[in-house]
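Participant: Given the sequences, and given the hints that come with them, work out the whole structure.
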Amino acid sequence: MGFAHAVGGTRYLFPDLRTLLARATPLRSGDVLAGVAAETAQERVAAQRALADLPLRHFLSEAVIPYEADEVTRLILDRHDAAAFAPVAHLTVGGFRDWLLAAEPEALAALRPGLTPEMAAGVSKIMRLQDLVAVAARCRVTSRFRNTLGLPGRLSLRLQPNDPVDDPRGVAAAILDGLLLGSGDAVIGVNPATDNLDTTIRLLELLDAVRDRYAIPTQSCVLAHVTTSLLAMERGAPVDLVFQSIGGTEGVNRSFGVTLSLLREAQEAALALGRGTVGTDCMYFETGQGSALSAEAHHGCDQQTIEARAYAVAREFAPLLVNSVVGFIGPEYLFDGKQITRAGLEDHFCGKLLGLPMGVDVCYTNHAEADQDDMDALLTLLGVAGVTYVMGVPGADDVMLAYQSTSFHDGLYLRAALGRKPAPEFEAWMERMGIEAASGAGQLPLAPALIGLQ
Amino acid sequence: MTVPTPWVELRRFTAARVALGRAGHGLPTAAHLDFQEAHARARDAVHSTLDLDALEAALGLPAIRVASQAADRRGYLLRPDLGRRLHEADRARLPPAPGAFLFVVADGLSAIGVQSGAPALIAAAVPLLRRAGLAIAPVVLASQARVALGDEIGEAMGAAMVAVLIGERPGLSATDSLGLYLTLGPRRGRTDAERNCISNIRPGGLSPAAAAEKLLWLTGAALQLGATGVALKDEQPSGTLLP
Chain B
1 MGFAHAVGGT
11 RYLFPDLRTL
21 LARATPLRSG
31 DVLAGVAAET
41 AQERVAAQRA
51 LADLPLRHFL
61 SEAVIPYEAD
71 EVTRLILDRH
81 DAAAFAPVAH
91 LTVGGFRDWL
101 LAAEPEALAA
111 LRPGLTPEMA
121 AGVSKIMRLQ
131 DLVAVAARCR
141 VTSRFRNTLG
151 LPGRLSLRLQ
161 PNDPVDDPRG
171 VAAAILDGLL
181 LGSGDAVIGV
191 NPATDNLDTT
201 IRLLELLDAV
211 RDRYAIPTQS
221 CVLAHVTTSL
231 LAMERGAPVD
241 LVFQSIGGTE
251 GVNRSFGVTL
261 SLLREAQEAA
271 LALGRGTVGT
281 DCMYFETGQG
291 SALSAEAHHG
301 CDQQTIEARA
311 YAVAREFAPL
321 LVNSVVGFIG
331 PEYLFDGKQI
341 TRAGLEDHFC
351 GKLLGLPMGV
361 DVCYTNHAEA
371 DQDDMDALLT
381 LLGVAGVTYV
391 MGVPGADDVM
401 LAYQSTSFHD
411 GLYLRAALGR
421 KPAPEFEAWM
431 ERMGIEAASG
441 AGQLPLAPAL
451 IGLQ
Chain H
1 MTVPTPWVEL
11 RRFTAARVAL
21 GRAGHGLPTA
31 AHLDFQEAHA
41 RARDAVHSTL
51 DLDALEAALG
61 LPAIRVASQA
71 ADRRGYLLRP
81 DLGRRLHEAD
91 RARLPPAPGA
101 FLFVVADGLS
111 AIGVQSGAPA
121 LIAAAVPLLR
131 RAGLAIAPVV
141 LASQARVALG
151 DEIGEAMGAA
161 MVAVLIGERP
171 GLSATDSLGL
181 YLTLGPRRGR
191 TDAERNCISN
201 IRPGGLSPAA
211 AAEKLLWLTG
221 AALQLGATGV
231 ALKDEQPSGT
241 LLP
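Chains as they are written, first to last, in UniProt numbering: chain B, 1 to 454; chain H, 1 to 243.
No lab work stands behind these hints: they were computed from the structure. One thing to keep in mind: the hints can contain errors.
As the list claims (entries may be wrong) - Rough simulated footprint, nothing fancy, chain B against chain H, three-plus residues with beta-carbon under 8 angstroms:
1. 26-34
2. 38-46
3. 72-82
4. 95-107
5. 145-158
6. 161-172
What you are looking at is a predicted structure, and each value in this text was computed from that prediction instead of being measured. Cβ atoms here follow ideal geometry from the backbone N, Cα and C, with glycine treated the same way.
Facilitator: Here's what the structure looks like:
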């Protein structure tokens with residue numbers, strides 16, 4: 001079946017749901033590249049009006065990618081909970097937007113198993129930034145491993161101490177800098193420069209030693225490929241969280257070298273280690289709009305709808321952390337600060353609505369039309385939206401991945417501006433160690449020599 | 001505010017922006033402007049171009065020049081698909097090199113590191129590969145090129161394996177970083193999961209000599225396994241990492 005709407009005397013036709021969603025999407029370069037974007041502003045608003053009139057239950061009868069062709073579609077529809085969906089089953093997408101703007105946290109939480117990613121993506125397309133912020137701020141999601149993330153009034157940071165050659169002392173120095181500036185409660189997570197098993201194990205051992213010597217109530221992660229983490233676990237390495245980049249179609253996941261069954265195997269292996277102390281959420285996923293098109297596995301869908309589908313993959317594995325690397329993938333997908341800002345808030349909203357502990361890598365590359373001012377704006381908006389965590393990189397400059405993320409200072413700014421605290425276990429540790437007072441004192445509260453820096 | 005001495009000493013261990021101090025919760029002015037200057041340098045690096053004559057002279061090997069279908073830098077940035085396709089007129093100029101090891105030198109997102117890094121890496125790698133019994137194809141120099149352009153070039157030449165040396169996206173600390181992507185059996189449609197990558201080849205990062213050693217190791221392992229990509233784990237003993 002098709003959809004139609006008239007605007008300005010022209011009747012616009014949309015042959016199927018995926019086309020309707022794509023044409024209704026606010027402008028971004030990746031959808032233009034894919035050839036799925038609306039050609040005019042009026043076509044876009046016609047699609048948005050047609051989408052607003054669409055019954056929400058239609059999403060249960062028309063898949064954007066066929067059930068038979070894609071294991072992510074099968075996951076989405078097989079897991080759908082009709083009872084949880086009941087409170088909104090009578091609504092259109094437009095009515096659902098109104099419902100969301102007035103919903104209390106309890107109702108939003110109860111709805112999660114009844115929502116498909118396409119419903120979340122669909123409604124986001126007719127929401128302004130303030131809507132995305134306001135609703136996300138009422139989505140409460142907590143996750144636990146060695147501390148508790150996502151509680152109201154909290155803002156966590158992933159300490160990202162990357163080194164261009166995986167030099168353990170370079171990594172250790174960046175970790176210490178971050179800890180002294182209050183970063184690291186979400187995770188201390190290193191992206192290895194090369195996906196080498198030996199290096200991964202040595203980095204895992206380093207992170208575990210740092211955590212142990214300072215007795216930090218947090219978790220560590222080396223963001224290697226899931227198959228590398230599996231081998232590392234086989235060899236007895238101290239793996240807290242298993243990392244993997246994921247996407248919203250079977251094809252993009254194949255391009256990342258993963259399947260749902262491989263992710264399940266990795267989760268089971270990490271659970272069997274039993275390393276969590278206050279919880280068992282042991283997966284860490286990264287996503288980002290544009291990865292499916294990059295892998296030529298988007299099936300004619302817009303990039304934001306595919307991105308939301310990645311969250312269905314993520315929530316199958318009870319992750320401790322999920323984040324969209326929103327500005328990382330480049331200007332061919334999100335051209336400038338305006339597009340990055342909107343996408344970051346969409347991703348955070350959709351992830352939270354679907355029940356994920358959602359962080360955002362507020363970031364940009366040097367070939368995008370964006371700068372620090374754009375990042376300050378997105379960071380502040382995400383803070384108001386209750387983002388679970390953001391990245392902490394020394395001076396906002398990742399010397400290995402060659403892009404700009406948020407800094408430890410940015411974390412301090414956002415916590416101060418919005419009155420947010422770190423995760424409670426980490427906050428107590430900081431107080432115990434006298435971290436806040438460290439700035440002006442001659443002595444450091446965490447001795448560099450303890451982690452081999454001398 | 002003065003940064004305590006033991007904190008400042010962390011700078012000895014890393015090129016990352018550690019021990020910057022604080023002005024309230026923010027960056028002190030000098031650190032802020034250092035960042036702005038580095039960003040300006042990186043923005044300009046994105047628009048740098050390869051000096052092909054100088055590159056060919058530095059290589060000292062037979063080379064063929066080709067271009068992708070991206071007409072200019074803006075087109076290159078907005079249309080990566082065009083950067084992965086060979087300009088039709090250039091296809092006929094690629095000589096057959098059946099079963100050979102092929103180097104493709106590509107500008108990528110910054111030509112600065114390619115200009116000096118690629119000749120140094122190739123000079124270090126070619127003797128090692130030849131000693132391992134591999135024939136070396138004429139080097140291809142590709143403009144406005146993405147990694148996957150190497151698949152189409154390698155397929156057209158019949159190469160057994162392609163190593164694409166390409167300028168990585170410039171960062172604030174490094175605008176001269178070179179990446180190497182190794183693909184066995186190059187042909188159109190290969191995915192990134194079918195490649196192995198060696199990144200951060202630059203002064204202060206991985207040296208050309210060390211990258212050549214790693215390339216030799218990966219090449220041997222790939223030929224033995226019959227695959228590159230996630231199936232091929234880089235298990236080269238690292239040796240350089242401290243406990």
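Participant: Okay, the segment 95-107 of chain H and chain B, do three or more residues pass the C-beta test at under 8 angstroms?
Facilitator: This one is violated; 0 residues, fewer than the three required, reach chain B with a Cβ under 8 angstroms.
Participant: Holds or violated: the segment 161-172 of chain H covered by chain B, criterion of 3 or more residues with Cβ-Cβ distance under 8 angstroms?
Facilitator: holds (count 5)
Participant: Is the listed coverage of the segment 145-158 of chain H by chain B valid when you require three or more residues with a beta carbon under 8 angstroms from a beta carbon of that chain?
Facilitator: Violated, because only 0 residues of the segment 145-158 of chain H bring their Cβ atoms closer than 8 angstroms to Cβ atoms of chain B.
Participant: Using a Cβ cutoff of 8 angstroms, are there at least 3 residues of the segment 38-46 of chain H near chain B, or does the coverage claim fail?
Facilitator: holds (count 6)
Participant: Three or more residues of the segment 72-82 of chain H near chain B by CB distance under 8 angstroms?
Facilitator: holds (count 5)
Participant: Quick check: do three or more residues in the segment 26-34 of chain H have a beta carbon closer than 8 angstroms to a beta carbon of chain B?
Facilitator: Since 3 is at least three, the answer is holds.
Consistency note: the structure conflicts with the earlier hints numbered 4 and 5.
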